[in-house]
Amino acid sequence: MSKFHNQIEKLIKKAKRVKRYIVNSNFNKTTDLSSMGEFLGGILGPVSSRQKFGGYALIEWQDGKVSKGGFSLAFINDFEKQLDNFYETRYEDINAKNFLSKKSETFDNQESKEIMSRNFDPVKTVTDQNILLKKWMSELKETRQYSGSTINVSESTVTNSNGLEVSESKTINEIYCYMGDEGGIEWSQRKPTTDKQARKYFDRVSLIYKIVTRKCPSPKLTKKISVILDPDSFSSIFSHFIGFNISAESIYKKQSFFTLKDFSQKKSIASAKLDLIVHPRKKMKPSAGNFSWIGWEYPQNFSFIKGGKLVSPISDHRHANILKIKPTPGMDSLQLVTFGDIEQKRSLEESFNSGDESIIVTQLLGLHTQDESSGNFSLVCPKSIYIKDGKPQGSLEVMIRGNMFEIFKNLKKIYRDPLTELPYIETNDIEVVKTV
Amino acid sequence: MKREDTNSKLVKEANKKYPDAYFVLRYQRLATKSISYVNEKLDETSVYSDEGYGVHAFSKDGSMGFASTNVLEEGSIKQAFTRAVESMRESQNNNFEKVPGIKFFKKNIDRKVYPDWDKDISIKEINKGMKILIRDTQDLRKKHKGLDFEYYFGLRVDLRQVVRSDGTNVLYAYPYTILFITMTASKEGITQSSYLGERGKNLEIFEGRRYKKILKEVRKRTEVLIQQLDAPKVKPGSYKIILNDSLGGVFIHEAFGHCAEADHIKVKSPLAEKGKLLKGKKIAPEYIDVYEKNIKFAFGYTPYDSYGEKRLKTYIVKDGKINDFLSDPGNYLRKPRGFSRAQNYSNIPYPRMSNTVLSVKKEKTFDFSFDPVVDDPDDIYKHLLKKKVIYPNEKVIFMTTSYGGQVSTEEGTFQFRALTAYEFYKSKTKLLQGVSFSGKTLEVLNSISSASRQPGKPRHGFCGKMGQHVTSREEAPRIIVLEKNKYIKIA
Numbered sequence: 001m002s003k004f005h006n007q008i009e010k011l012i013k014k015a016k017r018v019k020r021y022i023v024n025s026n027f028n029k030t031t032d033l034s035s036m037g038e039f040l041g042g043i044l045g046p047v048s049s050r051q052k053f054g055g056y057a058l059i060e061w062q063d064g065k066v067s068k069g070g071f072s073l074a075f076i077n078d079f080e081k082q083l084d085n086f087y088e089t090r091y092e093d094i095n096a097k098n099f100l101s102k103k104s105e106t107f108d109n110q111e112s113k114e115i116m117s118r119n120f121d122p123v124k125t126v127t128d129q130n131i132l133l134k135k136w137m138s139e140l141k142e143t144r145q146y147s148g149s150t151i152n153v154s155e156s157t158v159t160n161s162n163g164l165e166v167s168e169s170k171t172i173n174e175i176y177c178y179m180g181d182e183g184g185i186e187w188s189q190r191k192p193t194t195d196k197q198a199r200k201y202f203d204r205v206s207l208i209y210k211i212v213t214r215k216c217p218s219p220k221l222t223k224k225i226s227v228i229l230d231p232d233s234f235s236s237i238f239s240h241f242i243g244f245n246i247s248a249e250s251i252y253k254k255q256s257f258f259t260l261k262d263f264s265q266k267k268s269i270a271s272a273k274l275d276l277i278v279h280p281r282k283k284m285k286p287s288a289g290n291f292s293w294i295g296w297e298y299p300q301n302f303s304f305i306k307g308g309k310l311v312s313p314i315s316d317h318r319h320a321n322i323l324k325i326k327p328t329p330g331m332d333s334l335q336l337v338t339f340g341d342i343e344q345k346r347s348l349e350e351s352f353n354s355g356d357e358s359i360i361v362t363q364l365l366g367l368h369t370q371d372e373s374s375g376n377f378s379l380v381c382p383k384s385i386y387i388k389d390g391k392p393q394g395s396l397e398v399m400i401r402g403n404m405f406e407i408f409k410n411l412k413k414i415y416r417d418p419l420t421e422l423p424y425i426e427t428n429d430i431e432v433v434k435t436v
Numbered sequence: 437m438k439r440e441d442t443n444s445k446l447v448k449e450a451n452k453k454y455p456d457a458y459f460v461l462r463y464q465r466l467a468t469k470s471i472s473y474v475n476e477k478l479d480e481t482s483v484y485s486d487e488g489y490g491v492h493a494f495s496k497d498g499s500m501g502f503a504s505t506n507v508l509e510e511g512s513i514k515q516a517f518t519r520a521v522e523s524m525r526e527s528q529n530n531n532f533e534k535v536p537g538i539k540f541f542k543k544n545i546d547r548k549v550y551p552d553w554d555k556d557i558s559i560k561e562i563n564k565g566m567k568i569l570i571r572d573t574q575d576l577r578k579k580h581k582g583l584d585f586e587y588y589f590g591l592r593v594d595l596r597q598v599v600r601s602d603g604t605n606v607l608y609a610y611p612y613t614i615l616f617i618t619m620t621a622s623k624e625g626i627t628q629s630s631y632l633g634e635r636g637k638n639l640e641i642f643e644g645r646r647y648k649k650i651l652k653e654v655r656k657r658t659e660v661l662i663q664q665l666d667a668p669k670v671k672p673g674s675y676k677i678i679l680n681d682s683l684g685g686v687f688i689h690e691a692f693g694h695c696a697e698a699d700h701i702k703v704k705s706p707l708a709e710k711g712k713l714l715k716g717k718k719i720a721p722e723y724i725d726v727y728e729k730n731i732k733f734a735f736g737y738t739p740y741d742s743y744g745e746k747r748l749k750t751y752i753v754k755d756g757k758i759n760d761f762l763s764d765p766g767n768y769l770r771k772p773r774g775f776s777r778a779q780n781y782s783n784i785p786y787p788r789m790s791n792t793v794l795s796v797k798k799e800k801t802f803d804f805s806f807d808p809v810v811d812d813p814d815d816i817y818k819h820l821l822k823k824k825v826i827y828p829n830e831k832v833i834f835m836t837t838s839y840g841g842q843v844s845t846e847e848g849t850f851q852f853r854a855l856t857a858y859e860f861y862k863s864k865t866k867l868l869q870g871v872s873f874s875g876k877t878l879e880v881l882n883s884i885s886s887a888s889r890q891p892g893k894p895r896h897g898f899c900g901k902m903g904q905h906v907t908s909r910e911e912a913p914r915i916i917v918l919e920k921n922k923y924i925k926i927a
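Those sequence lines, one after another, are chains A and B.
The opening residue of the first sequence carries number 1 in the working numbering; numbering runs sequentially from there.
The opening residue of the second sequence carries number 437 in the working numbering; numbering runs sequentially from there.
Hints listed in this document are in silico derivations from the structure and should not be mistaken for laboratory results.
If the Cβ cut is set under 7 Å, some of the chain B residues that face chain A in the computed set are: (1) V483; (2) S485; (3) D486; (4) A503; (5) E586; (6) T620; (7) T627; (8) S782; (9) Y839; (10) G840; (11) Q842; (12) E847; (13) T849; (14) Q851; (15) R853; (16) A927.
Since we're looking at a predicted model, the values are computed, not measured.
C-beta atoms are modelled at their ideal positions from N, C-alpha and C, and glycine is treated no differently.
Could you build all of it, start to finish, from the sequences and the hints given here?
Pasting the structure below:
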């Protein structure tokens, strides 16, 4: 637990009018280096070092009302005024039910310990990683280069007035390289990336780059063409439509396509082979965590869809209390999600060389502008890969149109890409239109 | 003593310790307060505050290091200077990229502070306004089954200061408020949403004519949203198009403005070739100008950029020809024009827009006193026919109410969404479901055939780039007419 967390908790504990509290803090120390090459200048980096402390507090006052707010260390320096601000914004809320009982647990990240014990130098690590990435990128003779690496060491703590205290630490190393708009992905893990892993990652980036920089002679697209949403596109489109609509908050606000009744009646929305299970504590995954912001320890896994039927919305404690349902872990990354028996292992490289005529979407423009609740989308995909005769023919700009709920209902092909460990899909329910 | 009054001392001390470094210290203090309702029920209130420093250290050859902290202990702030210098040396040793433009930095001393910028508005006062708004709109729910509202009001006060080794000390501070209303309508398995966003300085959103206008717009949008549940989808294709001010604004920002930012110019942009601006190249009709201009204390106002350089009015397109770009010190060896912006103290600045204007010269304008969102589209159609801006036998798509967009700057390809669209054809008006509008940036500029003489309502938003979100504002005529073009598609 950081000394700042302690200081804030002590101040809140002593403050007048406070009945109960939860303090959730995060102390991040980040070192990053981005070699901009001649791509996207700005003047990011070269070497940056940041430290940031912040978090949330939930306070229940003597009158039974609660306040929730974010804080930084400015909170300590100007405590009276900040606490008055909290007090002023108090209201009656079901969050008052969320003060969990006493528990003490520290989830230490083994990798972090190991790294620290051998005098790990983050500046040297990010510098070496960047030099290596730049060397490989220069082989492609592309001036629009952008690469970088980041080491983030963070410590999260939740304490409350009932004596609950849980904390965890994480170390994440992320590397990334892009050549212009094409073929960029990010790779991160909870230990320093080895040169061998970095090369494997770079080979993927380089392969996509080589394909998408080759313009495809304008093909006549058949109506039956299948569409593959690559891991990045699928993650984005899935969160935007499915993630949004099965969240308890959207259901409560009636912004969702689904109602609570759809869950209690176990409405069928996908193939009977499809499950949607989150594994929030999956080992070594950067987005994994052990507890929620109020200190609730996550279960090892949780199902939102079973046999194609809705089982539970994604819900934090507050919305679970409002809707009178069970709280669940969140679904921050599809790396932590499995899709049951429908899922098959297949690398993106295999899809590049599949026998069918297909379009692989690698970039979506304007997804955030699409109406989540209708499920309808109509998006431009500037760097799509056209596959024919079992090989990639080059890149095409297309527009894709469809309805995500319809796609999900008929979905039969969900692949897991071993490199990114992310799922991606193939479907015949997306209409493809060439833009010009 | 306030921190902003002691920051020059911090820089002076750092320069004594590290005489080989040139420092740019960025200090920021901000506080936010928000409240949201779901229909008539108060959903959440929240407060947030942060305060911190970002330190850039430059060597004489332009190598750079950066560190930031929000741990406001003296030792930690001093340590941030040390970390920035260490990073700078690491950059120098490895011969990493340089920042050539700092040699043109010129000393600036200025303070631009909005009166009572940090005056606290109590949640009670905000709540009073919110309750009136809710009272005045909830009858719509009674009238339309399956209609739901979410109301959000946020207040933010933000102070930014830049202090440099050359004695520069600039500071600006102002408040802004945001009102955001989400309307969701459902019917027999179809759900659709619409939105309304308003910006202000304080509670004026809830007062007088401004408030009445908001109310009128909420009612109109709701009515349209309900009708849209039964509306047909547009047939994909190319059409003659009429954009209202919000879509004109989002176009000039997203599709065009980003292509003029120095980092894109250097790499790949339709406005440049091999990193060199195609100055003088005709890319639009001669009656089109596009420029960046600061409006004092308006949303997105940045009198000085994140390096402390003054933001200068800059014509990107003048008389239809490429004129200039939005430069920053990182990309070109030329005098910066103050376009570097960072979301907050811990971010590295990038060349960004703040207030972008699309202007159509008088000779190509026509009279149009309607409100494109609120007024009857039949009346608007008749007026445009009368003005011979459009003709009865051409199919025209009239789009209002932007919901943002995105652009691929390298290719100049963009994608926007209009929440409301109408088809004008053979003297009949047909409401459509929301449409996507996509195409090639320069083709849109070239397709502008005329525009309203009346200016539009400025569009306010948050622009995202490289993971950072900054405030932005755009101005465009109230409506713009685009001729049919095969490179511009509606779907």
